[in-house]
Amino acid sequence: MSTDLEFHQASLTPIKIEAPLGSKIESDNAETSPCRTPTSAEHKIPVILTCPPAPRKPRRVVRCKRRIREFDFFEIVNRDEVEEFFRSSLEVGEAKRRCKCK
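Quick note: the sequence shown, position 62, residue 81 per the working numbering, numbers continuous.
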């Protein structure tokens with residue numbers, strides 16, 4: 020065993036690959052000119068001639084759906100029963116007397 024560390028280096032033959040035509044042109048331009056922001060007319064944001072209208076308020080949500088259902092209840096239930104219920108509560112209220120406390 021030797022103390023020298025010698026690694027076996029394999030010799031690889033280089034592979035020749037042809038680059039696409041577009042990439043070669045881009046690399047030539049990149050080397051000659053730095054990156055710049057496009058300033059042509061087609062790249063600019065168009066000028067707005069009039070201001071947009073103000074945003075509209077959202078419509079109010081109808082919150083009386085529950086009340087409509089309550090009215091439907093009175094139409095579905097027999098009207099005579101409903102009227103009798105209210106009549107009986109009014110009669111009891113009139114017959115009741117309050118006594119004065121001593």
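Accuracy of the hints is not assured; some may be wrong.
Distance ranges between label pairs, derived from CB positions [stated by the list, open to error]:
#1 37 <-> 62: 32 to 40 Å
#2 104 <-> 77: 38 to 46 Å
#3 29 <-> 55: 44 to 52 Å
#4 32 <-> 54: 32 to 40 Å
#5 56 <-> 79: 44 to 52 Å
#6 76 <-> 51: 40 to 48 Å
#7 33 <-> 59: 39 to 47 Å
#8 29 <-> 60: 40 to 48 Å
#9 37 <-> 57: 25 to 33 Å
#10 64 <-> 28: 37 to 45 Å
#11 63 <-> 38: 46 to 54 Å
Keep in mind the hints are simulated off the structure, nothing from the lab. Quick reminder that beta carbons are idealized off the backbone N, C-alpha and C, glycines included.
Checked hints:
no., hint, verdict
1, 37 <-> 62: 32 to 40 Å, "holds (33 Å)"
2, 104 <-> 77: 38 to 46 Å, "holds (41 Å)"
3, 29 <-> 55: 44 to 52 Å, "holds (46 Å)"
4, 32 <-> 54: 32 to 40 Å, "holds (37 Å)"
5, 56 <-> 79: 44 to 52 Å, "holds (47 Å)"
6, 76 <-> 51: 40 to 48 Å, "violated (57 Å)"
7, 33 <-> 59: 39 to 47 Å, "holds (42 Å)"
8, 29 <-> 60: 40 to 48 Å, "violated (58 Å)"
9, 37 <-> 57: 25 to 33 Å, "holds (31 Å)"
10, 64 <-> 28: 37 to 45 Å, "violated (58 Å)"
11, 63 <-> 38: 46 to 54 Å, "violated (34 Å)"
In this structure, the earlier hints numbered 6, 8, 10, 11 are contradicted, and the remaining ones agree with it.
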